[in-house]
Each structure stands twice: as structure tokens, then as C-alpha cells.
Amino acid sequence: MLHTVNKSSFERNSLKSCLNTIDNTSVILLIEDGVISAAKNTNSPMIADLAAQGRVYALQGDVEARGISSKLADNIKLVDYAGFVDLVVEHGTTVSWV
Amino acid sequence: MATKKFMYLNRRSSFGTVYAIESLEVVLIAAAFEQDVSLAFIDDGVYQIVEGQNADGIGMKNFSKTFHALGDYDINKLYVSAESLEERGLNVDDLMPLAYEDEDDDWAEKPSIKVVSNAQLSKIMSEQDVCLSF
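From first to last, the protein sequence lines are chains A and B. Per my numbering, the very first residue in the first sequence carries number 30; after that it's consecutive. Per my numbering, the very first residue in the second sequence carries number 932; after that it's consecutive.
This is chain A alone, in the form it adopts within the complex:
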């Protein structure tokens, strides 16, 4: 499964809810304000293990818009919109944690 998270983990608990229910093969794509969780900050430990397994992606345009390209946490994979589509195709069911 593909889980998309579009809210900042400092403002909403949607990333936490997603992490509570995610299985061992699913991946997370951070989009919109969700990419704030892709920056190196006090919430980074939430996704550090998943990222180390190569299972955390962030949408490049949203990262650049927020000025955090140079501040990403370790092992975050950047994708463009075409990469977003590839993830949807590859992982079947998508959950949007809006």
C-alpha cells in the first residue's frame, strides 16, 4: 500500500495515525505540508526507521516550495509528480491521510 500524508506532523496527528497502522511492506509519500516531516527536526525519529528501509518518499516540488531541500532528514527519497504516479501504480491501494 501507498500512504500519502499531507499535513505537518507539528500541526496534526495524521503522520502518527498512519505510522500506527502501517504494515511491513507499505511506503509513505509525504506531500504538501506533509513534507515538513521530511526535514531534519525533532519529529524526525518518528520516521527514521522506515526511511532507513527506503520506505519514505517526499514530493520534490513541495520540498522546494518550503525551502527545506538542504535540510532533509536522512534517507528520504525525493520523487517528482511522475514518480508519484509510479508509486501509485506500484503499490496498488493508496490511503490518503488527509
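Treat the hints with care, since some could be wrong.
[Stated by the list, open to error] Straight line, CA to CA, 30 Å or less: simulated DSS-like cross-link-like pairs of lysine-lysine: (1) B/K1008 - A/K69; (2) B/K1045 - A/K100; (3) A/K106 - A/K45; (4) B/K1041 - A/K100; (5) A/K100 - B/K1008; (6) B/K992 - A/K69; (7) B/K1054 - B/K935; (8) B/K992 - A/K100; (9) B/K996 - A/K69; (10) B/K996 - B/K935; (11) B/K1041 - B/K1054; (12) A/K106 - B/K996; (13) B/K1045 - A/K69; (14) B/K1045 - B/K935; (15) B/K1045 - B/K1008; (16) A/K100 - B/K996; (17) B/K992 - A/K106.
[Stated by the list, open to error] From the derived model, a few chain B residues whose C-beta atoms are all more than 10 Å from chain A: (18) K935; (19) A961; (20) K996; (21) F998; (22) D1005; (23) P1028; (24) Y1031; (25) D1033; (26) D1035; (27) W1038; (28) K1045; (29) K1054; (30) C1062; (31) L1063.
Since the hints were made in silico from the structure, they are not lab data. Cβ atoms here follow ideal geometry from the backbone N, Cα and C, with glycine treated the same way.
Please arrange chain B on chain A, whose structure you already have, making use of the hints.
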């Protein structure tokens, strides 16, 4: 017209919601009415003034450049929460170098951004006539 002290609390990042750009609009309106305006950046609001934003990839307007104009409207009190910066792994060097020219000091260019603790911010808020949260 009577002048009041207005403080605008910017609590959200720039593009995920409409709050940030709407706040900036209202700030400019207050400045046009020559009010005493201060801005506070707390929580994810600190991302509004991070240096190096590029919104080309999401097809939205990068309005962060407008913050550079605030000095010309005599808006030079921009308070940034130290705690909010630290939580997000940011420091003052990651922020845009916003400045104003001080007419009482031979138009010397001075920084508009002041990093303050939440306790200091609390005191500054208590001195306002109006606080608007966005």
C-alpha cells in the same frame, strides 16, 4: 485616526492552507492605515520566512518575497519563536534576511527579525491592543 497596536500571529506554513497569504494581505492593509503592526511567527509559521523557497514545482505564487517589502511599510517588528525554530531544526540563519531602513538613524539598514523566547513573546502580546491569529 487613532493608532492601535496590532499583532498578527502566523502559525501555519505558506502553501498548505490559505492562512499565511491571507495574513500577509491583512498585514499590508493595517500598514496602509498606518497602524502599529507587529508580526509573530510561531509553530509552522516560521516556515513562511525560510530562505530559499521555490514554488515553481507546485504552480503556486511564491509570496515569501513580499515579506521583503514590509520594511518599506514601516513594519519592522517581526518576532520569531526560538522554541518553534529549534523544534524544526532551524535557526535564524535559515531565515530570509528581512531588514528596514531606520529613519531615526540616518536610514541605516537594520534587521527586522528578532528571535524571542515564548515567554518574551507572551509579554509582547500582552502589550497589544489587538492580536489576530492565522
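How the hints compare with the structure:
1. B/K1008 - A/K69: holds (28 Å)
2. B/K1045 - A/K100: Between B/K1045 and A/K100 the Cα gap is close to 22 Å, so the pair holds against 30 Å.
3. A/K106 - A/K45: At roughly 19 Å apart (the allowed maximum being 30 Å), A/K45 and A/K106 satisfy the hint.
4. B/K1041 - A/K100: holds (27 Å)
5. A/K100 - B/K1008: This hinted pair holds, its Cα atoms lying about 27 Å apart.
6. B/K992 - A/K69: Distance ~25 Å between B/K992 and A/K69 Cα, so the pair holds.
7. B/K1054 - B/K935: This hinted pair holds, its Cα atoms lying about 17 Å apart.
8. B/K992 - A/K100: The given pair, whose Cα atoms are some 22 Å apart, holds under the 30 Å limit.
9. B/K996 - A/K69: holds (24 Å)
10. B/K996 - B/K935: Holds: B/K996 and B/K935 sit about 27 Å apart, inside 30 Å.
11. B/K1041 - B/K1054: It holds: about 23 Å lies between the C-alpha atoms, which stays within 30 Å.
12. A/K106 - B/K996: Answer holds: A/K106 to B/K996 is near 28 Å, not above 30 Å.
13. B/K1045 - A/K69: holds (23 Å)
14. B/K1045 - B/K935: holds (21 Å)
15. B/K1045 - B/K1008: At roughly 7 Å apart (the allowed maximum being 30 Å), B/K1008 and B/K1045 satisfy the hint.
16. A/K100 - B/K996: Holds, at roughly 21 Å.
17. B/K992 - A/K106: Within the cut-off at roughly 25 Å; holds.
18. K935: holds (29 Å)
19. A961: Check passes; 25 Å lies beyond 10 Å.
20. K996: The claim holds: B/K996 sits with its nearest Cβ about 12 Å from chain A, beyond 10 Å.
21. F998: holds (12 Å)
22. D1005: holds (26 Å)
23. P1028: Fine: 13 Å to the nearest Cβ keeps B/P1028 off the interface.
24. Y1031: holds (22 Å)
25. D1033: Answer for B/D1033: holds, closest chain A Cβ roughly 28 Å.
26. D1035: holds (33 Å)
27. W1038: holds (29 Å)
28. K1045: holds (20 Å)
29. K1054: Correct as stated: the minimum Cβ-Cβ distance to chain A is 24 Å, above 10 Å.
30. C1062: holds (19 Å)
31. L1063: holds (18 Å)
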